[in-house]
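Going line by line, the protein sequences match chains Y and D. Under the numbering used here, the first residue of the first sequence carries the number 1, and numbering increases by one thereafter. Under the numbering used here, the first residue of the second sequence carries the number 1001, and numbering increases by one thereafter.
If you are wondering where the hints come from, they were derived from the structure by calculation, not from laboratory data. Backbone N, C-alpha and C define an ideal beta-carbon position, used for all residues, glycine too. No incorrect hints appear here.
Which residues of chain D face chain Y? A partial, calculated answer using Cβ under 8 Å:
1) M1001
2) N1083
3) L1084
4) D1085
5) P1107
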Amino acid sequence: MTDERAAGTHGSVEAVFREERGRLLAALVHRFGDLDLAEDVASEAIEAALRHWPADGVPARPGAWLLTTARRRAVDRLRRDQAYAARLALLAAEAERAGPAAPADTDGGLPDERLRLFFTCAHPALPAADRGALTLRYLAGLTTPEVARAYLVPTATMAQRLVRAKKKIREARIPFRVPDPHELPGRLPGVLQAVYSIFTEGYAASSGPHLQRLDLAEEAIRLARILRRLLPAEREVAGLLGLMLLVHARRDARTGPGGELVLLDAQDRTRWDRDMIAEGQALVLTALTGGPPGPYGVQAAIAALHDEAADEASTDWPQVVALYDVLLVLSPSPVVALNRAAAVAMRDGPEAGLALLDDLAGEPQLRGHHPYPAARADLLRRLGRRAEAAVAYREALDLAGTEPEREHLRRRLAAVEADTA
Amino acid sequence: MKYMLLIYSGSAEAPDPCTFEDWVAYDKEATEAGIVVSGHSLADLTTATTVRVDATGERAVTDGPFAETREVLGGYYVIDVPNLDVALDWAARCPGSRGNGAVEVRPVAEF
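Make the full structure from the sequences, and use the hints.
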């Protein structure tokens, strides 16, 4: 994406100011209560900076410069459009009614109001499928075409989705506010889910020619780092960041030279990113200390056990299974049960895992989920039941999304078919 | 900002988990909070009548609600609150949101 971003002048404007853009936008949204206006004047301020700074030098407090410039533009605009101004004045009055503003940290001259925007973008009143896209657009600062590429949809489609979501934010008046402490347990998971959905889209792209889209995974990590700074006491934020780092640490080993999928058991573990693992491990400790664990903390702990093992055989499978047991209680789902079954197969042998997988047959959530037949196929293969394994590999092949995953399944299928012949 | 809370009860067969006292308490709370613009509960669905007027001006009156729905509109509130979060809080507190019931929150259009 970096190359594409650098392609046009506008693209490079976005690239230079991406970090500032999110903060600037959030501060403007907080000030004016209107996402469209904030977007427009933020872009204008950034373009002005790009014209002036090369000639006049970068101001001492660039953030403050951007905010002042953008505010001036907004005020100009409101002066020209009195009806709009009246509506915004009303919004501001009602925002006052809704409660006082949180004290702002003014690092670099820009108050950090991004947490409000995180909660707005991941608001439960918005379609779940759009929350990640809004977060990428407004907090990661991606352009609409970039967000469209992230979700592999045409730019026009993504633009329409963003417009529709913004219309709902405006017209249903979804507020720009951080939920009160008593609301946080209900609202934070939505924000974390929006960020994690970006990561999973990057880590295991749901379709397309490439298995991983590292730029997206890195955006998600960057967003989680921002959240971690904004909500340092929330252990699930630490858990989410830890989980993503511990998984992302394996990125280089996950594909072979031809872009083919390399599974955990066959990965060259010397290619794992040790620094990233160490950072993730420290976050797991934070996530699991000082209270009952949350689902991201537990998933991070599972990822850490894999990252700490020298190879598949020496992985602490009893501990992995125990953590999946905890996870099944915290967030019961057939997908978690599927992963637990795979861990049980490693601890107790393929027969035990297969029995658990067969218990999950008919789960609606697993219908169309290719990891299910793929996991069955692998256990059947290990049990020497090659004909059945071939059937299951074919089933998985019909469902798998990305080309490298399909190629991996084709190779496995060819191998069991050769053995049968 | 005004929002209408449309209170739907679930299927007629399912028992209503809320008592009359629950509704009285909710109505009192909302009224005392000064947010209620208006609100009514509606009479039984069997009393509903639907009117349509066609292109020639012909009036057609039929017994029953406009659409066959599993959920039945049983009443409404119009409330005036600062934003959707506050409206959703009042919807969640409404006895009509419990059991098989649901409360649909719709902003009132501003022209």
